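Trainee: Here is how the chains run, residue by residue.
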Amino acid sequence: MVPITTIHYLVVAAALFVLGVIGVLTRRNVVVILMSIELILNAVNLNLVAFSRMWGNLHGQVFSIFITVDAAAEAAAGLGILIAFFRNKETVNVDEIDLLKW
Amino acid sequence: MFFLNHIYLIPLFPAFGAAIMFFFGRKLQKTTVDAVCVGAIVVAFLFACFTAVEYTHFAHGTGQPFEKIVYTWLGSGDGHLNFTKRDGTLASFNADAGFLLDPLSSIWLLFVTGVGMLIHIYSTGYMAHEGGYYRFFGYMNLFMFSMLTLILANNYILLFVGWEGVGLCSYLLIGFYFHRNSASTAANKAFIVNRIGDAGFILGALTLSWYLGSFRFADINTLARSGHFAIGDPVLTAAALLLFVGACGKSAQIPLYIWLPDAMEGPTPVSALIHAATMVTAGVYMVARSNAVFILAPTAMKTVAIVGALTAVFAASIGLVQNDIKRVLAYSTVSQLGYMFLALGVGAFAAGVFHVFTHAFFKALLFLGSGSVIHAMSGEQDMRNMGDLRRRIPTTHWTMFVATLAIAGIFPFAGFFSKDEILWQTWASEGGAYRILWFVGYATALMTAFYMFRLMYLTFYSPSRMSHEVEHHVHESPKSMTVPLVILAICSIGAGWLSWPHSLGGSANFEKFLEPVFAHEAVVLQEEGKSGQLAAGKKEAEHTDKTEYVLMFLSLAAAGVGWGMARSAYLTARKDYPEPIAQKSPRLFNVLYNKWFVDEGYDYIFTGRRKLGKVRLGAMGAGEAASWFDAKVIDGVVNDVGWVARAVATLSTWSDKWIIDGLGVNGPAILARMISYPARLLEWGLVQWYALVMVAGLLGFGVYYVWK
Numbered sequence: 006m007v008p009i010t011t012i013h014y015l016v017v018a019a020a021l022f023v024l025g026v027i028g029v030l031t032r033r034n035v036v037v038i039l040m041s042i043e044l045i046l047n048a049v050n051l052n053l054v055a056f057s058r059m060w061g062n063l064h065g066q067v068f069s070i071f072i073t074v075d076a077a078a079e080a081a082a083g084l085g086i087l088i089a090f091f092r093n094k095e096t097v098n099v100d101e102i103d104l105l106k107w
Numbered sequence: 014m015f016f017l018n019h020i021y022l023i024p025l026f027p028a029f030g031a032a033i034m035f036f037f038g039r040k041l042q043k044t045t046v047d048a049v050c051v052g053a054i055v056v057a058f059l060f061a062c063f064t065a066v067e068y069t070h071f072a073h074g075t076g077q078p079f080e081k082i083v084y085t086w087l088g089s090g091d092g093h094l095n096f097t098k099r100d101g102t103l104a105s106f107n108a109d110a111g112f113l114l115d116p117l118s119s120i121w122l123l124f125v126t127g128v129g130m131l132i133h134i135y136s137t138g139y140m141a142h143e144g145g146y147y148r149f150f151g152y153m154n155l156f157m158f159s160m161l162t163l164i165l166a167n168n169y170i171l172l173f174v175g176w177e178g179v180g181l182c183s184y185l186l187i188g189f190y191f192h193r194n195s196a197s198t199a200a201n202k203a204f205i206v207n208r209i210g211d212a213g214f215i216l217g218a219l220t221l222s223w224y225l226g227s228f229r230f231a232d233i234n235t236l237a238r239s240g241h242f243a244i245g246d247p248v249l250t251a252a253a254l255l256l257f258v259g260a261c262g263k264s265a266q267i268p269l270y271i272w273l274p275d276a277m278e279g280p281t282p283v284s285a286l287i288h289a290a291t292m293v294t295a296g297v298y299m300v301a302r303s304n305a306v307f308i309l310a311p312t313a314m315k316t317v318a319i320v321g322a323l324t325a326v327f328a329a330s331i332g333l334v335q336n337d338i339k340r341v342l343a344y345s346t347v348s349q350l351g352y353m354f355l356a357l358g359v360g361a362f363a364a365g366v367f368h369v370f371t372h373a374f375f376k377a378l379l380f381l382g383s384g385s386v387i388h389a390m391s392g393e394q395d396m397r398n399m400g401d402l403r404r405r406i407p408t409t410h411w412t413m414f415v416a417t418l419a420i421a422g423i424f425p426f427a428g429f430f431s432k433d434e435i436l437w438q439t440w441a442s443e444g445g446a447y448r449i450l451w452f453v454g455y456a457t458a459l460m461t462a463f464y465m466f467r468l469m470y471l472t473f474y475s476p477s478r479m480s481h482e483v484e485h486h487v488h489e490s491p492k493s494m495t496v497p498l499v500i501l502a503i504c505s506i507g508a509g510w511l512s513w514p515h516s517l518g519g520s521a522n523f524e525k526f527l528e529p530v531f532a533h534e535a536v537v538l539q540e541e542g543k544s545g546q547l548a549a550g551k552k553e554a555e556h557t558d559k560t561e562y563v564l565m566f567l568s569l570a571a572a573g574v575g576w577g578m579a580r581s582a583y584l585t586a587r588k589d590y591p592e593p594i595a596q597k598s599p600r601l602f603n604v605l606y607n608k609w610f611v612d613e614g615y616d617y618i619f620t621g622r623r624k625l626g627k628v629r630l631g632a633m634g635a636g637e638a639a640s641w642f643d644a645k646v647i648d649g650v651v652n653d654v655g656w657v658a659r660a661v662a663t664l665s666t667w668s669d670k671w672i673i674d675g676l677g678v679n680g681p682a683i684l685a686r687m688i689s690y691p692a693r694l695l696e697w698g699l700v701q702w703y704a705l706v707m708v709a710g711l712l713g714f715g716v717y718y719v720w721k
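For the protein sequence lines, the chains are D and A, in the order given.
Residues 6 to 107 (our numbering) are what the first sequence spells out, left to right.
Residues 14 to 721 (our numbering) are what the second sequence spells out, left to right.
So that you can see chain A by itself, here it is in the shape it has in the complex:
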């Protein structure tokens, strides 16, 4: 139990590396940076492996979660931080620095540390000639720390810490070449768009705690599964939808996907690690983690499924015509994430998670391979200027070819199993209510095969379109880059075999492993009278259904058709080759090439970069209008009222000064003073005058008496 009890160390290894880079990185040699940062990830990976092994012993196949609470982080047990729940009872606000390991998080733990380690090793070669070497590795380690915190958190608040941390690192690494204006705007875009999602996430988590009284996954799951809450409970639906907004931001779903393609401004290993394999799957992880809540909110589930399917086909359609090798892969990532959400939305959580797992390998491999291509091409990313690299960089070529087969869904590569499982579940779940989404997913599979083989043919097979100078410098990447490629290629072949479906004589071990996390959901689905694909017994029965073989064959055929179309169009592409879509329909090509004008549309609706005459449009325009209204109308009324009050006050002052004070107070005083003047003459201070008056008086009396 040593490793399980010290599970908190796993995120701390990369945190240590990041701290070293932060304080001393500037002075360190590159070899020292390598030793510290790559070393931290290797140790974390080994630690994670041992932990996972110990966990399997601990759980004995029951999927019992292991929870380790290190200390109470926020709030306190003695109820100092209370809040009122929706039902009026008191609950204490509590968030622990607690770590949760169950089948779901252990899968994420393993592939995040594993792929992360390979990408760190790759980066030592790729970034060797770049400035800010220590900064790059410091950010990467910080990212690993945040991601591992996100995965291992046992409550929404700690998960949110990791969630924000990966967002921050994503921002820092997209803007790694901060001297380039495009990189810094792309970083801002990613950060701002993610903020929208984060707001949704935190509102969702707060709604849940307001309703259920806890942030802990264990408590929330227990309560949600207790049967006290009806399916379709409005508060839970709202919470699930808000959480999904968060997932949309982080995992680049419509309408918040726009940041991910721009995120390709970062160095290629960053695109591989953060924007393909790990961080963007955080949304999937969070939705899968909240499955007990989502399953009680069918509306939210439908939203997830529809958004996922639409994102998948939408992003794939854009990917068909892009020329930047990394942008094609970026749209491919968005599209594959759409698949994952489609799976979650139809209740096939395990299939979605499985696709995350296989996708991590082949998409990381594709990105690293594209990095290797860019490295060989002296920084060129435009596929129009590539071609014929097959023999010049052979290792990169064959590893990328494996990854392409995997993502296109060719048997028996990894993508075949996960994608096929998703499509099958979409077809079969809810009694076939989602079959229209199956068609969407199927079309996406065809497009995926096309754009991926387009990429392969344009890059590796077609006649060379390179400039002579670039052609002269083409070289295979160093060992530190090719070895991770080879390892990832092996994983891209083999990862799918972990869940060899029943219909092909396998035992779907991966899904069995995950079953305890999602088991209850199967029961709920079954109770709802829906087909209940996840219920173990029934699933096996249906998996042998003939339909599944037909669907499997159809998706293989789609992959084959896409491959063939790409081959015929691009195998012999010389300079200024024609795009087949542009030939068929120039207008459609224009729309796709300009990404459906979504960024432009957002400029009209939200960002306020567009003006109609002098009036700004969009949310910012609304803000400006509100500001105008405030300044002119509201403040105008306020000022008018103020003016009236001031006029009244002036009048009142005048009357006080002249009428009250003047007539009432000062008037009598003045009168008294005027009367006082003659009276004062009697006593004006000269003693002898008084004496004279006395003498005169005496004389007067004397004369009076004598006369009388």
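So that you can see chain D by itself, here it is in the shape it has in the complex:
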């Protein structure tokens, strides 16, 4: 059994990150984009926790708690904006949200 080292965590985190980025760039639904951002943030969390384990201290874990809180706040604000926007435009597709151009 190969021991699970830091590098394994990093690979999984990188995969998650790429999945999140691809989701942000390709999906039209804002809800899904927000979920993809959660993936990116969780990939970062995984990195932090992995390095925390590697160095044997709790700094990384503390940061990951912060990021989780931040992600929750961000999701709340994002969904609030989204609902306000849906009331005006009756859509949540990001390619139709193009008022701020030029």
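Restraint ranges, calculated between C-beta atoms of paired labels, are given here:
1. Leu712(A) to Thr10(D): 25 to 31 Å
2. Ala692(A) to Asn93(D): 24 to 30 Å
3. Gly710(A) to Leu105(D): 15 to 21 Å
4. Gly675(A) to Ala89(D): 45 to 51 Å
5. Asn679(A) to Ile86(D): 39 to 45 Å
In silico contact screen, one side only, chain A against chain D (beta carbon under 8 Å); selected entries:
6. Leu699
7. Val700
8. Gln701
9. Ala704
10. Val708
Hints were generated in silico from the structure; no laboratory data involved.
All values derive from a computational prediction rather than experimental measurement.
For glycine and all other residues, C-beta sits at the position ideal for the given N, C-alpha and C.
For chain D, the structure is supplied; the task is to place chain A on it using the hints.
Mentor: Using the frame of chain D, we list chain A on its own:
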């Protein structure tokens, strides 16, 4: 003093009658109309008589004027209506509803109300079978109101109100038979010609007030007599001449006399009242009223005298050959008015006024008599179709005969005294400078006798030329018409005796009565070194001059010669009788018969009825030419200038639109826009595109650092 203090009531009586006729006349019975309208004049006449009596007590023979100002009519004492006088000082515009009674206006007051009353009574008979009875009497009363306002006014503005009022009533009454085209054109002619005169009058009055600062006769007389103004003062001369233009219009003098003969289209009592006895003497009254101004303007006086004399002889010459009985009398009126102005012009104001006074009676009588003749002849006015009326209408005959003797100047009828006085004054005044005018006046006297006796012989004496139907209906007029004739006949005999001349043992009371009004003028004339006929003492001396007897005899002889010539020519005039003038000189007859072609001449010069090819002649032609000039030349230039401005504006618009806006403003904008297209592609609104760019950038940086 009751009557003097209520003098303003005199014009108000007829005004009341006119108002009743205006509002209720249509519904009233003829007897009611008679009672109101004739009654108003009778009351006015009685009131005027009492007023005159009170005035003689008031004046005590000094001729002191009585002035009653009822209220301030125009302007105000507190100087709200100021105007700048010629000398630069301020004067306040002021015209009162004020009444002035002095010897001059009291004479006019008495004969206007007196003759007016008789003519109103006469009209009740003459107009009895006419339509518009109440309308006629309403106009007549309105006329009396205006005339009395004119006479009693104490300033030029109120006088002008009366002046316009009589003009209006003259117009209304000339056009009384408005369904006849000739009557309505004659009314228009009278009104329009009078407008010319009125313009002169109002300009004259304004000039006087501009110079002297007042419209009041009393103020103007005081100032004019104060000695501050030189004899021949140019402004006063201009004012006097302008006033005389007004007098020419109203009193039918050359060149504005043309309306009066046509005015005979009105009913005969109107001709008697307005166009013979009263209104046409308004010009004489106004000039006599302004005597203080005229006497300072010798040029104006000379003009008045010459115009008067020329009018007298000119109108008389036309009267010689007219066939319409009323037209003969109309030209006679113009001629006699000429005499009056001749008298005024030579400074014999009192003689002129005296002739107005006597003329009012005998000319009113002649017109009323002719009305009676026309009435008897069932409306026929052509003397060629009359004759032998002497026994059929005896009262009319003898009263008209008296009037004819009076106007011809036979002793001792009224006309003799007044006409003789005028001729004598013309002969003697200004050291004889006017003797040529005396000859003119003398010739007129001869013509007057001729045409008047021609009228008498053709109408009353010569064999009948009437058609059988007319002859059958001939009848004497009713009492209401003959009684005024008789009263006027008595006046035509007696009126002259009021001024029985000194040379015949009389005392010339009439002139003495008027003397205070004109006394100063005598002094001026004397100071001028002229003979000063009016100066009382000298006058008496000269009146006993042998020359006067010679002149008197000469004018009697002229009257006699005229009478004789008319008798021999017309006493036996049968149908198609020959006119003596036509036999002697057919061309002269033609000219006279056509009134010297003056109306035709005016058509060429003024009215624009004549055309030369397509071009209209006369004042109207000048107007049309001016209109053409305005439309074609002035407007053409205006339009050309406009066209140029428009072309420049078009160019300017084009350059603004394409050059300034195009190159200067829109050009850079378009350029910026073109550059903006590629720049815009960077931010085209798709959030994920921005994110992709960010990721690509991060990757780029990542690769760069790793590679390096």
